[in-house]
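Engineer: Sequence:
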Amino acid sequence: MRFQRVAIEAVGFTLPSEIVSSLDLEVALEPAYERLRLPVGRLELMSGIAERRFWPRHTPIGVPSVNSARLALDAAGISPQDIGCLVHASVCRDYLEPATACRVHADLGLNASCWVHDLSNACLGLLSGMVQIATMIEMGIIRAGLVVGTESARNLVESTVVSLNADQNLTRQSIKPSFASLTIGSGSCAILLTDIDFSRTGNRLLACVARAECEHHALCQSDTDQAGAAMQPLMQTNSEDLLHAGVAVGCRTFEQLIAEGLEPSVLDSTVCHQVGVAHRKLMLSSLGLETHRDFSTFHWLGNTGAVALPTALALGIASEAIVGGHTTALLGIGSGINSIMMHTAWEKPIAVGELDANARRNLTNRKET
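The opening residue of the sequence shown carries number 37 in the working numbering; numbering runs sequentially from there.
No lab work stands behind these hints: they were computed from the structure.
The model shown is predicted, which means the values in this text are computed figures rather than measured ones.
Every residue, glycine too, gets a C-beta built ideally from N, C-alpha and C.
Heads up, some of the hints might be wrong.
As the list claims (entries may be wrong) - With beta-carbon atoms standing in for the labels, derived distance ranges:
id: 1; residue 1: 384; residue 2: 313; range: 31 to 37 Å
id: 2; residue 1: 113; residue 2: 276; range: 45 to 51 Å
id: 3; residue 1: 110; residue 2: 313; range: 34 to 40 Å
id: 4; residue 1: 251; residue 2: 326; range: 29 to 35 Å
id: 5; residue 1: 92; residue 2: 249; range: 35 to 41 Å
id: 6; residue 1: 205; residue 2: 176; range: 58 to 64 Å
id: 7; residue 1: 81; residue 2: 37; range: 37 to 43 Å
id: 8; residue 1: 156; residue 2: 57; range: 27 to 33 Å
id: 9; residue 1: 59; residue 2: 288; range: 34 to 40 Å
id: 10; residue 1: 133; residue 2: 78; range: 51 to 57 Å
id: 11; residue 1: 322; residue 2: 92; range: 35 to 41 Å
id: 12; residue 1: 288; residue 2: 76; range: 37 to 43 Å
id: 13; residue 1: 94; residue 2: 297; range: 44 to 50 Å
id: 14; residue 1: 383; residue 2: 296; range: 16 to 22 Å
Could you build the full structure based on these sequences and the hints that come with them?
Structural biologist: What follows is the structure in structure tokens.
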């Protein structure tokens, strides 16, 4: 699918302030670790994730989403009244009904004629929302739209710790499906798309492709559908099979993106889904892409679900790893297994959000390495 009229006008992001290290989690897991005689440091060693972040307890999902969306609108100088579609697309949401997008719509003061809905597609939620909005822009239905989401890891991680410590039958083998749950982090991101004639930046979404190989849908599954700050979810993941199947799907999706006009040799930068060190290494090597051109954040933010790739994109722009003149591939993969990949070209990239000292240090350290 190629686009002639779609601009990525601005990206807004919000990071939680509470930092939880992998060592902190292993201290909390001491009963399980002692029973299984697991070495401390295993979690970071296997995942490459040193830290992740949590929102304050009981934070509504819609609150950071409103903040991220407002940042994007303000940075672009676009009125809320000009937004023709709002999609809330994270895994996490405030309620089963109404749509969390309704709260965001109300708090932003968007027009009553705006299309408003939630969208759920695991870690591809925001990219899926981008495709919906871009299609509406390309067809001339709207001239601007917002996709936004917020992921909250606290309940999943804390529920996993409690479950593992309480399971007296736990073995080194049976703990493995819970490993991915300990890598999840929190964050919020909003992407503002406009018609190219309404854009002040000229940042282009040139093409996108999708692939669904859903025979793999059982490799990563949460428990029953829940919503709200009081939920206590659990998740089971076959990490090894998901890694290899996901990368294979990614390779086939990348071939589709090339068929839509992307020339890999002209890529200045890439952003992948932020799973961990093994996924990134295998994905880039399998696609024949250079690691030094890829921008990643999982080491200090963990896997933040549907906002992971968009937030990494935003931080890449904020730290000037992605600049005007860059051609950038967005390489999304999500449970299912589904994949969405995008071809983008940047003239005046805009990303706004507050960076605390830890965030600035991590971004600076990346530049120095």
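Engineer: Of the numbered hints stated earlier in the document, which are not met by this structure?
Structural biologist: 10
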